[in-house]
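Novice: Chain by chain, the residues run as shown.
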Amino acid sequence: MKKRLLTLTLALVMALSLAACGGGGDSQTGGDSQPAGDTQPAGDSGDSGDSGGSGASGTVYYLNFKPEQDPDWQELAKLYTQETGVEVKVQTAASGQYETQLMSEMAKTDAPTLFQVNGPVGLANWKDYCYDLSGSALAGELSSQDFALMDGDSMSGIAYVIETYGLIYNKALLEQAGYSADDIKSFADLKKVAEDITARKDELGFSAFTSAGMDGSSDWRFKTHLANLPIYFEYEADGIGNTDAIKGTYLDNYRAVWDLYINNCTCAPTLLSAKTGDDSVAEFVTEQAVFYQNGTWAFGDVADIGEENLGMLPIYIGVGDEAKQGLCTGTENYWCVNKNAKPEDIQATLDFMYWCVTSETGLEYLCSGDHMGFVIPFKGNLESSNLLVNIANEYVANGTTSIKWCFPTMPSEEWKNVLGSALTAYAADQTDANWETVRAAFVDNWAAEKSK
Amino acid sequence: MEKSIKRYFPVFLGPTFLAFLIGFIAPFLMGIYLSFCDFRTVTDAKFNGVQNYVRAFQDGEFAHAFLFTALFTVTTLILINVIAFAVALVLTREIRGTNIFRTVFFMPNLIGGIVLGYVWQLIFNGLLSRYDLALKISARYGFWGLVILICWQQIGYMMIIYIAGLQSIPGDLNEAAEIDGANGWQRLWNVTIPNMMPSITICTFLTLTNGFKLFDQNLSLTAGEPMKQTEMLALNIFNTFYGRVGYQGVGQAKAVVFFVLVVALGLIQLKMTRSKEVQQ
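Protein sequences appear in the order of chains A and B. According to our numbering, the first sequence is numbered sequentially starting from -4. According to our numbering, the second sequence is numbered sequentially starting from 50.
No wet-lab data here; the hints were simulated from the structure. Fair warning: there could be bad hints in the mix.
[Claimed, not checked] Using 30 Å as the maximum straight-line C-alpha spacing, the simulated DSSO-like pairs for lysine-lysine come out as follows: (1) B:262 x A:103; (2) A:61 x A:73; (3) B:95 x A:103; (4) B:95 x A:337; (5) A:319 x A:374; (6) B:95 x A:445; (7) B:95 x A:334; (8) A:122 x A:445; (9) A:242 x A:447; (10) A:166 x A:186; (11) B:95 x A:447; (12) A:61 x A:103; (13) A:122 x B:95.
[To be verified] Quick list of the computed label-pair ranges, beta carbon to beta carbon: (14) A:439 x B:79: 33 to 41 Å; (15) B:189 x A:395: 41 to 49 Å; (16) B:262 x A:171: 52 to 60 Å; (17) A:239 x B:123: 41 to 49 Å; (18) B:155 x A:194: 53 to 61 Å.
Ideal placement from N, C-alpha and C gives every residue a C-beta, glycine not left out.
From just these sequences and the hints, can you work out the full model?
Specialist: Listed below in structure tokens is the structure:
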């Protein structure tokens, strides 16, 4: 009898420990990218009755793309829950891991109700999951229909942020080197200034460029954003907006600007494969370098050097009318609503999106430089306190032509990755043979990937 | 006692079996099915025949990953086993502090692969940067970096198995050989190693399959750079599945091929080393 009791107890303990394992897994749905306690498990208290609001039965699960803005989204979600009683769960994918995470999250029962694609190419993968947003209240708030992502007649995505990038520079250091922004009006000027700074590097105590890090946290600045320029100019020259076979007309200019970046930065070009995005930021804010290629989203990172020291220049590559060249402005962030979510969740999601771009709190969080500092393509857009955004606006006001974001037309993530690897290999050993690999990755692989 | 075991075995076996079904058998069967499908998310798949397998075998990167993995596995298999055996021999002698040494050698095994990869990346890059070099600029650096990392991690584990094996050899065998006039080498080759074959079987099996299945360390140390030249099979499968739009099925097909390959190699190896085992 005693033995039997022991057996039963043991079996019970085993069963319980299994159950405990299962329970532990469930309670972690909040993800590990956010501080514990920031979110309540979805559905637990969603209909607890204290809200009384109409949309309280659905919940929102937003898979956020931008790690820089994660804390703000978490706060905004909490505020929304306080105001309406609707649960909003925000999870953020690590840099470069969005597609991976989206793929596994979408397979779950509690799939994201709100996710994002980067444009037509990203949409091709997810169009079967996109709810038609045409006629929604959010669509009515768009300041221009250009910011809707269409799939035939269906409005699959809506852009929620317009961003600008260029060469961010430190005014004080540039002055110390004996120049000002007025001296840099073309690629030739930029090259002259950068090479002069490199020549006097020891005397000045700083370099021209921050390290062009090719670690996954930073390589998108070059394999995607810098690569946008030769693509843009080729599209302009050919009068097209997309192509199945890129010619690489301006690849020599791409090479020239890449050479300039890697040979005038804070470290030897052979070390770039190990340099991260944080390294670049650190070099810029500790005044080790004058130029730092990045965009308006990085304002929070670079504001430390003082707003009076911060400026942004167009990325000149020596093509077109450089006197009229502006910054690179566009979007690759489109909100999509998951068609397969429960109807009440879809409604809750639509309400949440509408609230974000119309309510005072939502706009404050989205637009203020203290929070996300976005320029949003909606009627409610506030004047920004993000200095880099204001610089971008000045360029437009001065009549320069903004460079469009053509990289949403890049064939695939694979294309970018192969290009990035080739650029890294070239940086380590700058031979014509290695540049040929870059060219192949740019031109040949474009056609190969587009045909897949 | 035996009667109650007979009566209650489902109670003990049940939960484990259930976990095995849910955590292993079900995903495995689902994976085989998915390898014949076109899909985006695993819960929403359309059948498309053997097309995934055709595309998997046409992929030159997959072939390169196989060769790289094979070379890596052979290298680490030899290095780990020879060194672990040697360390085990030394640490079964009566040396002061053997327990401390055993613990120290075993400890790298307690650290997760991803963490190890990043730690060693810092170490290698720290050293290489003195010569203006970095780990990811050459496949050769990546290869030897991985070899060093894996040896460092696994030698301790294999050493423990070898020590257990050495301690189970009856002392009188060596004593008899010594009286018959055998010298140290002869005793090692003709007495110790034949008696160690069961341990050698286990260790070679483990190092062989570990080498082929290596993923975390590969991901965090080199991530396949430069230009996918240090991408091993498991990482290649992962990148195909997650990195490419519309390639999920191909990744799944590669995973099935990979499974068959590892099982086949493992069985061949077991057969080869088993046949050399002696009865005491």
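Novice: Work down the list of hints and note, for each, if the structure agrees.
Specialist: Here's how the hints hold up against the structure:
1. B:262 x A:103: This hinted pair holds, its Cα atoms lying about 27 Å apart.
2. A:61 x A:73: Holds. Residue 61 (chain A) to residue 73 (chain A) sits at ~18 Å (cutoff 30 Å).
3. B:95 x A:103: holds (18 Å)
4. B:95 x A:337: Holds, at roughly 23 Å.
5. A:319 x A:374: Distance ~28 Å between residue 319 (chain A) and residue 374 (chain A) Cα, so the pair holds.
6. B:95 x A:445: Holds, because 23 Å separates the two Cα atoms, which is no more than 30 Å.
7. B:95 x A:334: holds (19 Å)
8. A:122 x A:445: Roughly 17 Å between the alpha carbons, so the hint for residue 122 (chain A) and residue 445 (chain A) holds.
9. A:242 x A:447: holds (18 Å)
10. A:166 x A:186: holds (17 Å)
11. B:95 x A:447: Given pair residue 95 (chain B), residue 447 (chain A) holds - Cα atoms ~18 Å apart, limit 30 Å.
12. A:61 x A:103: Holds: residue 61 (chain A) and residue 103 (chain A) sit about 22 Å apart, inside 30 Å.
13. A:122 x B:95: The given pair, whose Cα atoms are some 16 Å apart, holds under the 30 Å limit.
14. A:439 x B:79: 33 to 41 Å: holds (37 Å)
15. B:189 x A:395: 41 to 49 Å: At 47 Å between Cβs, range holds.
16. B:262 x A:171: 52 to 60 Å: Holds, since residue 262 (chain B) and residue 171 (chain A) (Cβ atoms, about 55 Å apart) stay within the stated range.
17. A:239 x B:123: 41 to 49 Å: holds (43 Å)
18. B:155 x A:194: 53 to 61 Å: The hinted range 53 to 61 Å holds for residue 155 (chain B) and residue 194 (chain A), with Cβ atoms some 54 Å apart.
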